[in-house]
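Asker: First residue of the sequence shown? That's 4 in this note's numbering, and the numbers climb one at a time after it.
Just so you know, these hints were derived from the structure itself, not from any lab. Hints may contain errors.
DSS-like mimics (lysine-lysine), calculated; alpha carbons at most 27 Å apart, straight line [as the list claims (entries may be wrong)]:
| id | residue 1 | residue 2 |
| --- | --- | --- |
| 1 | K18 | K36 |
| 2 | K36 | K142 |
| 3 | K142 | K155 |
| 4 | K18 | K142 |
| 5 | K79 | K155 |
| 6 | K36 | K16 |
| 7 | K18 | K79 |
Derived Cβ-Cβ restraints for the label pairs, each shown as a range [claimed, not checked]:
| id | residue 1 | residue 2 | range |
| --- | --- | --- | --- |
| 8 | G97 | K142 | 29 to 35 Å |
| 9 | E77 | E32 | 36 to 42 Å |
| 10 | T19 | S169 | 37 to 43 Å |
| 11 | G117 | D63 | 20 to 26 Å |
| 12 | E139 | R76 | 24 to 30 Å |
| 13 | T19 | P136 | 21 to 27 Å |
| 14 | D63 | S169 | 38 to 44 Å |
| 15 | G82 | R31 | 39 to 45 Å |
| 16 | D87 | G145 | 34 to 40 Å |
| 17 | Y130 | G34 | 24 to 30 Å |
| 18 | E24 | S169 | 40 to 46 Å |
C-beta: ideal position from N, C-alpha, C; glycine also.
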Amino acid sequence: MTYLKLIDRYFGKRKTLSELEQIVERLREEGRKVVLANGCFDILHVGHTRYLSAAKSLGDCLIVAVNSDSSVRELKGPGRPVMDEDARAEIICGLEATDWVCVFYELNVSEFIGRLRPDIQAKGTDYTEDNVPEREMVKSYGGSVAICGDPKDHATKSVIARIRNSAG
4 MTYLKLIDRY FGKRKTLSEL EQIVERLREE GRKVVLANGC FDILHVGHTR
54 YLSAAKSLGD CLIVAVNSDS SVRELKGPGR PVMDEDARAE IICGLEATDW
104 VCVFYELNVS EFIGRLRPDI QAKGTDYTED NVPEREMVKS YGGSVAICGD
154 PKDHATKSVI ARIRNSAG
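Model the full assembly from the supplied sequences, consistent with the hints where possible.
Answerer: As structure tokens, then:
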């Protein structure tokens with residue numbers, strides 16, 4: 004058995020989008036509120052953990068969609084991601100706030116939103132409710148967008164720059 008399968012068995016949090024559809028359907032039947040958060044989470048920092056903890060507090064369960072390696076490269080540029088998608092997903096699985104994690108391959112979470120229809124789409128404070136790209140899609144089925152976490156004082160690119168500077 005591979006290490007990733009052991010981790011999945013232990014945490015039980017890493018899912019496919021199809022598996023999440025079934026889970027969300029069951030949760031809806033139970034009247035539970037589903038929150039979706041997403042991001043690259045390339046080098047996990049305190050801003051990420053605060054964002055995900057705040058997102059979890061908005062509902063009964065938190066699904067985290069993690070950008071694939073190819074989408075991170077396209078969004079962030081050369082040299083990114085620093086960690087591969089399996090490592091990033093595993094780290095997010097290890098967080099208490101996270102109920103389920105899935106890697107997605109598009110540049111935005113529109114497909115996730117269209118298929119899961121979360122009650123709340125949580126975005127970090129680098130967004131406003133007016134500039135969330137998927138806002139209209141979420142509102143079209145009666146969902147809402149919430150901005151949560153602490154002020155955007157933390158960034159992976161800043162962490163990378165500090166590491167490079169300290170290495171000389």
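Asker: Would you mind marking each hint as holding or not holding in the structure?
Answerer: Hints, one by one, checked against the model:
Between the alpha carbons of K18 and K36 the distance comes to roughly 19 Å, so the proposed pair stays at or under 27 Å and holds. Pair hint K36 plus K142 holds up; C-alpha atoms about 15 Å apart against a cutoff of 27 Å. With a C-alpha separation of about 25 Å, the suggested pairing of K142 with K155 holds against the 27 Å cut-off. The suggested pairing of K18 with K142 holds, with an alpha-carbon distance near 25 Å, which does not exceed 27 Å.
With a CA separation close to 17 Å, the supplied pair K79 and K155 stays within the 27 Å bound. For the given pair, K36 sits about 18 Å from K16 by alpha-carbon distance, which is consistent with the 27 Å threshold. Taking the CA atoms of K18 and K79, the gap is about 25 Å. The hint holds against a cut of 27 Å. Judged by the Cβ atoms, the range 29 to 35 Å given for G97 and K142 holds: they are separated by roughly 33 Å.
In this structure the hint that E77 and E32 lie 36 to 42 Å apart at CB holds, the actual value being about 37 Å. Between T19 and S169 the C-beta distance comes to about 39 Å, which sits within the given range of 37 to 43 Å. Separated by about 21 Å at the C-beta atoms, G117 and D63 satisfy the suggested range of 20 to 26 Å. In this structure, E139 and R76 meet the distance hint of 24 to 30 Å, their C-beta atoms being roughly 27 Å apart.
A hinted range of 21 to 27 Å for the beta carbons of T19 and P136 is consistent with their spacing of about 23 Å. At about 42 Å, the beta-carbon gap between D63 and S169 stays in the expected band of 38 to 44 Å. Between G82 and R31 the CB atoms are about 41 Å apart, so this pair conforms to the stated range of 39 to 45 Å. Checked against the hint of 34 to 40 Å, the pair D87 and G145 passes, with Cβ atoms roughly 36 Å apart.
Remark: the range hint 24 to 30 Å for Y130 to G34 is upheld by a beta-carbon distance near 28 Å. For the hinted restraint 40 to 46 Å between E24 and S169, the CB-CB distance of approximately 44 Å keeps it satisfied.
Hint violations for this structure: none, all hints satisfied.
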